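Numbering-wise (numbering that gives the first Met the number 0), the sequence shown opens with residue 0 and increments by one.
A portion of the hints provided could be inaccurate.
To be verified - Derived CB-CB ranges, DEER-like: (1) Tyr37 to Ser1: 16 to 22 Å; (2) Ser57 to Arg2: 42 to 48 Å; (3) Ile5 to Asp61: 20 to 26 Å; (4) Gln54 to Gln21: 36 to 42 Å; (5) Asp35 to Arg11: 17 to 23 Å; (6) Gln71 to Arg22: 34 to 40 Å; (7) Met0 to Gly55: 30 to 36 Å; (8) Glu70 to Thr4: 17 to 23 Å; (9) Asp35 to Ser8: 21 to 27 Å.
It should be emphasised that the hints constitute simulated quantities derived from the structure, not laboratory data.
Model, not experiment: these values are computed from the prediction.
By construction, the Cβ of each residue, glycine as well, lies at the ideal position given by its N, Cα and C atoms.
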Amino acid sequence: MSRLTITLSDTRYRALKEAAAQRNKTIGQLIDESLDFYGIKSREQAADLVRRARQGSSLSDDDAMAIALSEQHASRQAP
Numbered sequence: 000m001s002r003l004t005i006t007l008s009d010t011r012y013r014a015l016k017e018a019a020a021q022r023n024k025t026i027g028q029l030i031d032e033s034l035d036f037y038g039i040k041s042r043e044q045a046a047d048l049v050r051r052a053r054q055g056s057s058l059s060d061d062d063a064m065a066i067a068l069s070e071q072h073a074s075r076q077a078p
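Modelling step: build the complete structure from the supplied sequences, incorporating the hints.
Encoded structure:
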């Protein structure tokens with residue numbers, strides 16, 4: 000598993016630490032769940048998602064990719 004060092008303001012760090020404690024999770028678990036929530040995926044995961052979606056449809060590769068990219072863009076715009 001990889002390690003990551005980030006710089007946060009003291010206020011943000013305290014808020015993150017409190018949120019993790021309230022949820023009975025580690026800060027790492029909270030961040031990992033947040034990344035899942037925002038749809039952060041590896042290229043392999045994204046390609047697998049497109050492949051599985053195509054299996055149930057009659058879309059071409061280009062059409063399936065266009066829809067996947069559109070959905071990804073929309074999820075980034077969500078509050």
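Kindly confirm whether 42 to 48 Å is satisfied by the beta carbon distance between serine 57 and arginine 2.
44 Å, holds
Take a look at whether the Cβ-Cβ distance between glutamine 71 and arginine 22 falls inside 34 to 40 Å.
Since glutamine 71 and arginine 22 have Cβ atoms about 27 Å apart, the given range 34 to 40 Å is violated.
Assuming the hint says 21 to 27 Å, is it satisfied by the Cβ distance from aspartate 35 to serine 8 or not?
24 Å, holds
Between the beta carbons of aspartate 35 and arginine 11, is the distance compatible with 17 to 23 Å?
Given about 20 Å between the Cβ atoms, the range holds.
Cβ separation of methionine 0 and glycine 55, checked against the hinted range 30 to 36 Å:
At roughly 33 Å between Cβ atoms, glycine 55 and methionine 0 fall inside 30 to 36 Å, so the hint holds.
With 36 to 42 Å as the target window, see if glutamine 54 and glutamine 21 comply at their CB atoms.
40 Å, holds
Holds or violated: the 20 to 26 Å window for the beta-carbon distance between isoleucine 5 and aspartate 61?
At 37 Å between Cβs, range violated.
Pairwise beta carbon distance, tyrosine 37 to serine 1, judged against the given window 16 to 22 Å:
18 Å Cβ-Cβ, so the 16 to 22 Å window holds.
Could you say whether the range 17 to 23 Å given as a hint is met by the Cβ separation of glutamate 70 and threonine 4?
32 Å, violated
Of the numbered hints listed earlier, those contradicted by the structure are 3, 6 and 8.
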